[in-house]
Amino acid sequence: MVARHYKYITFSDRREIAALYQANERPADIAERLGVTTATIYRELKRGETAGEDGAPVLDRNRRRAYNPVVAQQRVQANFRRRGRTPADGLQGGFDSDAI
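All residue numbers for the sequence shown refer to the working numbering, where the first residue is 51 and numbers rise by one.
No wet-lab data here; the hints were simulated from the structure. Only a predicted model underlies this, so the values are computations on that prediction, with no experimental measurement involved. Heads up, the beta-carbon is just placed ideally off N, CA and C, and yes, glycines get one too. Where hints are given, some of them may not hold.
What the hints assert, rightly or not - Taking lysine to any residue pairs in the SDA-like style, the calculated list, with each CA pair at most 25 Å apart, reads:
#1 57 / 125
#2 96 / 113
#3 96 / 114
#4 57 / 96
#5 96 / 107
What the hints assert, rightly or not - The following label-pair restraints were derived from C-beta to C-beta distances:
#6 114 / 134: 29 to 39 Å
#7 131 / 74: 32 to 42 Å
#8 134 / 108: 26 to 36 Å
#9 131 / 73: 24 to 34 Å
#10 111 / 134: 36 to 46 Å
#11 69 / 125: 15 to 25 Å
#12 75 / 108: 18 to 28 Å
#13 56 / 96: 13 to 23 Å
#14 109 / 65: 15 to 25 Å
#15 104 / 133: 24 to 34 Å
#16 73 / 96: 12 to 22 Å
Turn these sequences into a full structure, and let the hints guide you.
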């Protein structure tokens, strides 16, 4: 039996996802590059979606739902706090939530 390797997506990973997604890369190609599953990338893109004032999703220049790595990181950190856990030191990935 092969042991599974779990990996948290760091803020630097999120910035890379944003850059690749903005460059019109496919989620499957982004997943392969980061060493995660395609489903993980789709969940991450959903986590980083932003909505306009009318509640409609904001679209990027490629006419896809825009991804914001800062929003995604804030949601992850809020989920950790809500669950009563403290994120691992490596999870921060150079992200300073107080700087926002």
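Going through the hints against the structure:
In summary, the hint linking residue 57 to residue 125 is supported, as the alpha carbons are separated by about 17 Å, within the 25 Å threshold. Between residue 96 and residue 113 the alpha-carbon distance is near 15 Å, which keeps this suggested pair within the 25 Å criterion. Among the hinted pairs, residue 96 with residue 114 is consistent with the structure: their alpha-carbon atoms are about 12 Å apart, no more than 25 Å. For the proposed pair residue 57 and residue 96, the alpha carbon gap of about 18 Å is at most 25 Å, so the pair holds.
With a C-alpha separation of about 11 Å, the suggested pairing of residue 96 with residue 107 holds against the 25 Å cut-off. Evaluation of the 29 to 39 Å hint for residue 114 and residue 134 yields a pass: the beta carbon distance comes to about 35 Å. Distance hint check for residue 131 and residue 74: the Cβ-Cβ separation is about 34 Å, which falls inside the suggested range of 32 to 42 Å. Residue 134 and residue 108 have their C-beta atoms about 32 Å apart, which keeps the hinted 26 to 36 Å range intact.
Separated by about 33 Å at the C-beta atoms, residue 131 and residue 73 satisfy the suggested range of 24 to 34 Å. Judged by the Cβ atoms, the range 36 to 46 Å given for residue 111 and residue 134 holds: they are separated by roughly 40 Å. Distance hint for residue 69 and residue 125: a CB-CB separation of about 19 Å, consistent with the stated range 15 to 25 Å. At about 19 Å, the beta-carbon gap between residue 75 and residue 108 stays in the expected band of 18 to 28 Å.
One distance hint, 13 to 23 Å for the beta-carbon pair residue 56 and residue 96, holds here, with the actual separation near 19 Å. The hint said 15 to 25 Å for the Cβ distance between residue 109 and residue 65, and at roughly 20 Å that hint holds. For residue 104 and residue 133, the Cβ-Cβ distance of about 31 Å falls inside the hinted range of 24 to 34 Å, so the restraint holds. Take residue 73 and residue 96: their Cβ atoms lie about 19 Å apart, and the range 12 to 22 Å holds.
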